[in-house]
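*Asks:* Sequences and hints are given; from them, build the entire structure.
Numbering-wise (UniProt numbering), the sequence shown opens with residue 1 and increments by one.
Hint data in this document are derived by calculation from the structure and do not stem from the laboratory.
Careful, some of the hints might be misleading.
To be verified - For each label pair, taking beta carbons as the anchor points, the in silico distance ranges come out as:
| id | residue 1 | residue 2 | range |
| --- | --- | --- | --- |
| 1 | D23 | E3 | 27 to 33 Å |
| 2 | L19 | E42 | 26 to 32 Å |
| 3 | V24 | N1 | 17 to 23 Å |
| 4 | E13 | P37 | 18 to 24 Å |
| 5 | E42 | I11 | 15 to 21 Å |
| 6 | A10 | V32 | 17 to 23 Å |
| 7 | T21 | N1 | 29 to 35 Å |
| 8 | T21 | A41 | 31 to 37 Å |
| 9 | A41 | A6 | 30 to 36 Å |
Quick reminder that beta carbons are idealized off the backbone N, C-alpha and C, glycines included.
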Amino acid sequence: NTEPSAADRAITERLKSALATVDVRVLDHFIVGKGSPYSFAEAGLL
Numbered sequence: 001n002t003e004p005s006a007a008d009r010a011i012t013e014r015l016k017s018a019l020a021t022v023d024v025r026v027l028d029h030f031i032v033g034k035g036s037p038y039s040f041a042e043a044g045l046l
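*Replies:* Here it is as structure tokens:
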């Protein structure tokens with residue numbers, strides 16, 4: 001299952017916040033498993 005869990009969503013938000021303090025923008029976050037990878041950017045979550 002490549003759908004993001006609550007923990008996946010939370011760590012993405014924490015990374016975005018932490019990296020923003022040093023002017024780094026998160027462009028995407030991928031979840032890779034069996035089947036197709038899940039892209040947070042393609043899902044409109046970034």
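*Asks:* Hints first: check each against the structure and report whether it holds.
*Replies:* Verification of the supplied hints:
1. The hinted window of 27 to 33 Å between D23 and E3 holds, with their beta carbons roughly 31 Å apart.
2. For the pair L19 and E42, the supplied restraint of 26 to 32 Å is violated, since their beta-carbon distance comes to about 20 Å.
3. Judged by the Cβ atoms, the range 17 to 23 Å given for V24 and N1 is violated: they are separated by roughly 29 Å.
4. Judged by the Cβ atoms, the range 18 to 24 Å given for E13 and P37 holds: they are separated by roughly 20 Å.
5. As the Cβ distance of E42 to I11 is approximately 18 Å, the hint placing it in 15 to 21 Å holds.
6. Evaluation of the 17 to 23 Å hint for A10 and V32 yields a pass: the beta carbon distance comes to about 19 Å.
7. Restraint check, T21 to N1: a C-beta distance of roughly 32 Å satisfies the suggested window 29 to 35 Å.
8. For T21 and A41, the hinted distance range of 31 to 37 Å is not satisfied, since their beta carbons lie about 21 Å from each other.
9. For the pair A41 and A6, the supplied restraint of 30 to 36 Å is violated, since their beta-carbon distance comes to about 19 Å.
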